[in-house]
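**Student:** Protein chains in written order, with my numbering: chain A, 1 to 249; chain B, 1 to 249.
Please keep in mind that the hints were generated in silico from the structure rather than gathered at the bench. One or more of the hints may lead you astray.
Same chains, same label: a pair holds when it works inside one copy or across any pair of copies.
Claimed, not checked - With a straight-line Cα cutoff of 25 Å, these simulated BS3-like cross-link-like pairs (lysine-lysine) come out:
1. 227 to 242
2. 226 to 241
3. 227 to 241
4. 226 to 21
5. 189 to 16
6. 63 to 227
2 protein chains.
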Amino acid sequence: MIQTILNHRSIRKYSKKNIDKQILDEILLAGTRASTTGNMQIYSVIVSTEKELKNRLWEVHFKQDMVNQAPVVLTFCADMNRFNKWCKARNTEPAYDNFLWFYNASIDAILAAQNVALAAESHGLGICYLGTTTYMADKIADILNLPEQVVPVTTLVVGYPDESPELTDRLPVEAVVHYEKYQDYDKEKIEQLYKEKENLPSTKELIKVNGTENLAQIFTQKRYVKKDNLHFSKSFLEFIKKQNFMNND
Amino acid sequence: MIQTILNHRSIRKYSKKNIDKQILDEILLAGTRASTTGNMQIYSVIVSTEKELKNRLWEVHFKQDMVNQAPVVLTFCADMNRFNKWCKARNTEPAYDNFLWFYNASIDAILAAQNVALAAESHGLGICYLGTTTYMADKIADILNLPEQVVPVTTLVVGYPDESPELTDRLPVEAVVHYEKYQDYDKEKIEQLYKEKENLPSTKELIKVNGTENLAQIFTQKRYVKKDNLHFSKSFLEFIKKQNFMNND
């Protein structure tokens with residue numbers, strides 16, 4: 001268990017080998033055993049395998065090749081729709097069309113996703129999360145026919161790896177762990193925590209390729225720039241509202 | 001691995017036994033190996049063990065006894081603060097004070113939490129997620145000294161179990177899994193999917209105790225009622241704004 005967790009690498013190249021139905025079923029079952037708000041299971045998983053459908057998803061996920069390559073694309077959704085329909089069938093009015101329940105349902109979906117990811121990896125499969133899911137939530141919802149009160153929150157591509165990447169570097173554990181209360185970072189602490197990462201040969205190569213002064217500037221000036229952050233914040237919030245999750249008054 | 005996932009039960013009663021430092025360290029390391037947005041690690045984990053501090057957390061987590069009982073309380077936070085400080089130290093201006101990055105950082109925190117939960121369970125420890133975290137985010141932030149751009153998103157209590165609960169029921173896997181695209185639920189499908197859950201002896205007992213007509217009404221009329229949902233939606237959104245995550249224009 002721990003070894004599966006510690007050995008995780010995101011896989012971005014996949015072989016053509018399909019996933020046996022039995023394995024896929026077990027992985028999906030693992031998802032349903034994750035903790036869930038009040039045992040309400042307010043999430044859904046869309047298992048997309050058809051070539052044409054995956055191609056449409058590839059298009060909106062910034063044309064990342066792994067979406068077409070991987071045999072299975074799993075879109076995890078915050079989903080109050082099923083629960084609402086059950087409530088209405090039981091003569092009672094649900095009141096989950098607000099931000100709290102969008103967020104609760106998001107947590108449910110993400111916990112299920114991580115169980116699925118680890119169950120897949122324990123079978124020798126590779127996975128990669130697609131952060132583009134929230135950027136393109138409205139387009140993904142169109143492709144997958146998501147009804148009101150359903151929002152895609154993350155996507156996993158799953159398949160047999162066609163690469164063996166090194167373990168990705170991480171900050172030292174002390175960078176993210178605080179004892180008792182939050183210990184804020186002073187300049188000296190920041191220097192200490194980021195030193196190893198900044199001195200990696202791969203980091204130096206990345207800085208050269210990007211033509212920036214340092215690694216932080218790659219994030220702020222190349223990868224995740226203000227204009228895009230504002231655009232995607234607005235479009236995601238608008239979509240959450242459109243899906244009827246913002247009636248907070 | 002799969003067995004650990006399939007055997008998960010939330011534990012709500014804990015023995016007095018402490019967690020060895022070596023085991024705690026390994027569990028926290030497991031958290032840092034989870035997938036993370038752009039390898040930015042935009043989350044923090046607060047490890048609270050002091051009796052008085054846990055008592056303050058117990059108070060805000062609706063006085064659930066497991067918060068005092070469990071030797072360790074882990075508060076997982078969406079955290080752009082450390083990353084921002086690094087950017088500023090590197091002569092570049094971060095633009096992560098918006099909803100997109102609150103949400104990305106939330107996903108990071110929740111993925112790390114589920115790794116920690118499973119690593120703990122693989123060591124024979126028990127865990128329980130506290131949904132009260134978002135309800136009381138502002139109060140938790142006060143207790144734990146959370147600075148701007150840090151929001152608590154979920155909490156795990158961790159310790160050795162002092163109970164052996166049965167596996168919790170779940171809807172059949174087909175209830176949450178859709179093939180290719182979302183398959184919406186008609187009345188007949190809802191009946192089929194909820195039948196087993198509604199016929200459990202534990203469900204019938206719960207309905208009797210709550211004096212409702214059915215299980216759905218326990219959720220809508222007793223546990224998660226409109227007034228509270230609206231209150232906590234507003235207070236959580238206000239807190240996200242206060243923590244400087246809502247500058248979307």
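**Student:** Run every hint past the structure and note whether it holds.
**Tutor:** Going through the hints against the structure:
no.: 1; hint: 227 to 242; in the structure: both (23 Å within a copy, 22 Å between copies)
no.: 2; hint: 226 to 241; in the structure: both (23 Å within a copy, 18 Å between copies)
no.: 3; hint: 227 to 241; in the structure: both (21 Å within a copy, 19 Å between copies)
no.: 4; hint: 226 to 21; in the structure: neither (43 Å within a copy, 41 Å between copies)
no.: 5; hint: 189 to 16; in the structure: neither (46 Å within a copy, 35 Å between copies)
no.: 6; hint: 63 to 227; in the structure: within (21 Å within a copy, 44 Å between copies)
When held up to the earlier numbered hints, the structure conflicts with 4, 5 and fits the remainder.
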